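A.B. asks: Since the structure of chain L is provided, determine the placement of chain D on it from the hints.
Sequence order for the protein chains is L and D. Counting with the numbering used here, you get residues 443 to 551 for the letters of the first sequence. Counting with the numbering used here, you get residues 42 to 155 for the letters of the second sequence.
For the record, the hints were derived by calculation from the structure and aren't laboratory data. Since we're looking at a predicted model, the values are computed, not measured. Built from N, CA and C at the ideal position, the CB exists for glycine as well. Some hints could be false.
Claimed, not checked - Simulated restraints on C-beta separations:
#1 L:N472 / D:Q58: 39 to 45 angstroms
#2 L:P518 / D:G94: 42 to 48 angstroms
#3 D:T61 / L:L493: 47 to 53 angstroms
Said to hold, decoys possible - Lysine to any residue pairs mimicking SDA-like chemistry, simulated, CA-CA at most 20 angstroms apart:
#4 L:K445 / D:G94
#5 D:K50 / L:K511
#6 L:K538 / D:K50
#7 L:K511 / L:E497
#8 L:K494 / L:S533
#9 L:K445 / D:K50
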Amino acid sequence: DAKTTQPPSMDCAEGRAANLPCNHSTISGNEYVYWYRQIHSQGPQYIIHGLKNNETNEMASLIITEDRKSSTLILPHATLRDTAVYYCIVSDNTDKLIFGTGTRLQVFP
Amino acid sequence: NAGVTQTPKFQVLKTGQSMTLQCAQDMNHEYMSWYRQDPGMGLRLIHYSVGAGITDQGEVPNGYNVSRSTTEDFPLRLLSAAPSQTSVYFCASRRTGGRRETQYFGPGTRLLVL
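If we strip away everything but chain L, and leave its shape as in the complex, we get:
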């Protein structure tokens, strides 16, 4: 499975956009990019995923570079409740998700 690299922590002011980067330079053609988050002590929560096109839903936007070697999760208007650990995961067709250590996003007032 391809591995991902994320910064260990980031800060964001409330109301501003949070842009969380992820590198996945060894991603293979059939692997999707998934983003999950985990709010303190709770189970992970699905955010969004994509293959090669940019995606948007009610929670976030996912921007994938044309070469698919990196992506960015965008929370357009971060709130205090978005403080969490964010995981970027690449997954092939075997339906296994390998979580790394993620990025700890701290949203401050």
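C.D. replies: The following block gives chain D in isolation, referenced to the frame of chain L:
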């Protein structure tokens, strides 16, 4: 729908004891999995199942057994607990296939092995 449920929420075991962590989902999902999360670390896949009667090993399967006799249930068994198995355990389920499937996680079971 209750989603993914896990029992118990907390458990303390002595070294060598056995126990079963229960996981159930009412969404008719084919795929279910177990993860463990140690302090300050991400989730690591223990075992997974793509349907009733089918299970496979994940990243850290040693010391754990699973079975999948029904679509709804996916119990995780610790045959002889060790302090290294102290962790938070999450069960998850989702549909296989499809482009926008969502994986749903349970609330977790916190296990302490003394």
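A.B. asks: Are the hints correct? Go through all of them and say.
C.D. replies: For each hint, the structure was consulted:
1. For L:N472 and D:Q58, the hinted distance range of 39 to 45 angstroms is satisfied, since their beta carbons lie about 43 angstroms from each other.
2. For the hinted restraint 42 to 48 angstroms between L:P518 and D:G94, the CB-CB distance of approximately 44 angstroms keeps it satisfied.
3. Taking 47 to 53 angstroms as the suggested C-beta distance range, the pair D:T61 and L:L493 does not conform, at roughly 38 angstroms.
4. At roughly 30 angstroms between alpha-carbon atoms, L:K445 and D:G94 are farther apart than 20 angstroms, so this suggested pair is violated.
5. At roughly 39 angstroms between alpha-carbon atoms, D:K50 and L:K511 are farther apart than 20 angstroms, so this suggested pair is violated.
6. Between L:K538 and D:K50 the alpha-carbon distance is near 25 angstroms, which puts this suggested pair outside the 20 angstroms criterion.
7. Taken as a hint, the L:K511 and L:E497 pair is honoured in the structure, with Cα atoms around 16 angstroms apart against an allowance of 20 angstroms.
8. Taking the CA atoms of L:K494 and L:S533, the gap is near 13 angstroms; set against the 20 angstroms cutoff, the hint holds.
9. Distance hint between L:K445 and D:K50 is unfulfilled; the C-alpha atoms sit about 31 angstroms from each other, more than 20 angstroms.
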